[in-house]
Amino acid sequence: MTWESVIGIEVHVELSTRSKMFCGCAVEFGAEPNTNTCPVCLGLPGALPVPNRKAIEWIMAIGLALNCEVSERSVFHRKNYFYADLPKGYQISQFDIPVCHDGYLDVTVDGETRRIGIERAHMEEDTGKSTHIGDGGRIHAAESTLLDFNRSGVPLVEVVSRPDIRSAAEARAYAQDLRAVVAELGASDARLEEGSIRFDANVSIRPEGAEGLGTKVEVKNMNSFRSLEKAVDYEIERQITVVEAGGELTQETRHWDEEAGVTHSMRVKEGSSDYRYFTEPDLAPMVMSASWVDEVRVGLPELPAERKARYSDEGLESDLAGVLSASPVEVRDIFDVAVAEGADHRRVANWLVGDVTAWLRRTETDPTKLPLGGKQLAELVEIVDEGVVSSSAAKMVLEGVLQGEGSPREVAKARDLVQISDVSAIEEIVAGVLADNPEAVKSYAAGEQKVVGFLVGQVMRASQGKADPKLVNELLRQKLSS
Amino acid sequence: MTLHELTIAEAGERLRAGEVSSSDLLEAALDRASLTEAQLHAYLTIDREGARETARRADADLADGIDHGPLHGVPVALKDNMCTRGVETTASSQILAGYIPPYDATVTRKLKEAGAVIVGKTNLDEFAMGSSTENSAYGTSYNPWDIGRVPGGSSGGSAAAVAIGSAFAALGSDTGGSIRQPASLTGVVGLKPTYGTVSRYGLIAFASSLDQIGPLSRSVQDAAFMLEAIWGHDPLDATSYAGEYPQPSAALDDGVSGMKVGVVKELAGEGYEPAVETAVSAMVDKLSDAGAAVVEVSLPTFDIALSAYYLIAPAEASANLARFDGVRYGHRGEGATTETLMARTRAEGFGPEVTRRVLLGTYALSAGYYDAFYGQAQKVRSAIQEDFSRAYESVDVLVSPTSPTVAFEAGARMDDPLAMYLSDICTIPSNLAGHPAISIPIGLDEQNLPIGFQVMAPALGETVMFQVAAAVETLAGFAERPVLEELAS
Amino acid sequence: MPIDIDIAHVARLARLDLTAEELESYKTQLDVILDHATQVQSLEGDPREESAHPLGLVNAFRQDERRPSLDRDEVLSQAPETKDGYFVVPPAMETQ
Ligand SMILES: [Mg+2]
Ligand SMILES: [Zn+2]
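Residue numbers (the working numbering), protein chains in the order written: chain A, 1 to 482; chain B, 483 to 971; chain C, 972 to 1067.
Treat the hints as calculated values from the structure; they're not laboratory data. Some clues are possibly wrong.
Derived SDA-like pairs: lysine to any residue, alpha-carbon spacing no greater than 20 angstroms straight-line [as the list claims (entries may be wrong)]: (1) C:LYS1054 - A:THR35; (2) C:LYS998 - B:ALA901; (3) A:LYS129 - C:ASN1030.
In isolation and in its complexed conformation, chain A is listed as follows (with noise of 0.2 angstroms):
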């Protein structure tokens, strides 16, 4: 039988707010252990909530980004359950009325593009940091459990995803963009070192053509895009193989285990129908107004869809589109700017996601640091244009560039690499090279066109790269023709 993989993912992310969901305390990653920390992100006796506008409001903005429906109406509810990191006794989050609702995102993978329904985008406040202490930081034999409530109350989204996902890969292709855009967005720093961005994967198995629905595994502990990616296959894998000795699956929660490249069952804490979910008393409800929500609609940036849109509509190759889309801010700003200054689109990005691109990576710039701007980008395509450079010449001016040596056309002179485009000097180098290869002018008379080429080659090389190779094509065939 052939297998269907049926995938949703939850993802969280922190917001960047300055303040934490609903207390004044910083959010702040790698500060000292419960010094930010206050009577109700503690959970004090007495404390209460007053939630945080802005963190809503980037809420409204990663829904709209997703192409959500904003609620015109939203409430916040207590999820009740005991752990030691989670102060009050229960999560402040949302239940049946979140905030955004109903979106998408079009995910490619392999080239073929793919909509991922988005069911909803809901608030939820973190819990705070556990460690296991003793015997390696392993869970079930540890000692003791440190507890820094420095992250208690930071307010996140969670994402959920409808089960449109069929692959691994387009589960990772999903969580990427994801992060693309909360990223675009300013959200949040959307670090996955730091835990600033999770992703748990619900995954089940049909049969190929089937309606319903398979018992739902949920995955945990993922932290980058590849391990996501691993688990998900390695989960799709165990429960065909579960199946198919005739075993039954379970509807649990299971841990990835990085190292071992395995998922492990969870012992069950509560089954979440224990959550006694309630409205939260303590706050008022959220009346989403539409003028509130247009305010946000206002201030999105362009994100990485629309942008890709708008490249592809400006002439780029999907590809070409897509990469230029990907990459940071500073690189398309010089994009932006070059073509403005009269450039052509796809020599302009062609430049970035290459020579520009490789360069960044090969020294390790910030690309914030970037030393090009465009018009420098726009100066150089304009000397190649011209003849001024050639081609292969045009890549060494970039790398002047970039070392700071000047605008393309001073370091196309500096390091000499101006072409040479007087027809007597080109004329005196194609006779010396003709000389040199007899046997090559001989083939060319019996009609071997190709030898061209190869002479084309050596006059190149004899002028050191900087005769204009046109000219040399032309001055060849009259001389040979001749």
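Keeping the supplied structure of chain A fixed, place chains B and C with the ligands upon it in accordance with the hints.
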């Protein structure tokens, strides 16, 4: 009249006339506490040193011409479920034994800013759950009118302190009647303001959608002074009202002539002591004689208000009390894992009434029972609000007894939760609606036990409520004070 | 609806370590209270999820501004066990 029997208004006059000092007032209250605490146990903590320091500062300020208003230099008490930085706050629970809050409740801060002198923290039913102050982990409080009887609850300590004079006024909290019922049982004035007008920040929550802080005092005017000092918008409480506030103290002398008063039909009959019914209808007659138009009004949903309350309040409480887990503060039980530690902590730290309500609330919210219990209760709550709205189309205020009975004997209802819960039958509807209500003492029964009269008003209707309350106070002419037998002899 | 209380389950959800006798006694008390509480079922119509703030409050937000946090020593002075600025508890049992 001795100092400890003065109202705040009277004490303030003498203070500003230079006849007494704030320190004199405080010493009078502290002396009163020394004489009566062994019998009444109104206080859990008396902060003698802190209070003396504040009183000295109040005197110095007044000498310098700095006057913080009506409460300046006046000794007051706080129910021990309101946080006081640096002063133990337990909510009468073992689970918070020794707990010293690192911050002040908003009402604590406001009283300090108003120049009041905080004498100490008063006893209550654990986490304000009860109607007799017998559910305190630190011992029962008793009623100054008869020390064999309860002072009501849960603000029984505050009520007893104000009645006996160990505080000039006090704050209580009222979730289902916890200010008004003890005020009624001890012969003082007690009021629950409109939900959202007094900040709950720093009030250890029982049921968030019902809890309101309010004053207990020896006069209606004193209650207005206290209320006007503590209410107002608080950015630290997201349910705090940010609009215009009424000015009740301006209307105290306006009388009831031309006012429409509705007598609640459902709050009478079976279960109501004859002496209570007689006193209440006598007061209704007096209001009518004073020019009020009195009509009987029916609010049928009041009959099921108690049932709704005993689902909603425990449900919210079950979540509000989840933070008491032995991790960050308070009592910690033994346990090899977090789970066993938490479960031991809570089993040891909570008394039987709290345990009962946490179980009840957990059940009412749990899967499969939510709709039938919590969901239905919320529907009843809405229906009660609608009943009130309908009634207020034809009357300005509603009146009733505050409590169906006078103070009952200590221990009498401890084995019968339902009987205890019935103590709040008259007060609960105003909590469910979020409306203001006040209890004014109107007389004594044949056993010399006080009877209270309740005036209810619509949301933000404090001005009309106080206007009627002041008239009731005048018409009642209630001037008796409790006499502790052992002190009298 | 008939009242049937899995009191041990409820106590587990509420993290209350009660003895069998205590559970039995609370169950009996809850039965009585819930029997009375079934009166709320006399109202017809859909159950309500919530009831409004009496003053109709909505959108009670704060601005995204920082306020001073508490002094850590003062906070930790109330804790049953601490270490190096952390609160300390025994390990959790359910994860592995
Ligand atoms: Mg979640
Ligand atoms: Zn905080």
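The hints, checked one at a time:
no. : hint                 : verdict
1   : C:LYS1054 - A:THR35  : holds (14 angstroms)
2   : C:LYS998 - B:ALA901  : holds (18 angstroms)
3   : A:LYS129 - C:ASN1030 : violated (30 angstroms)
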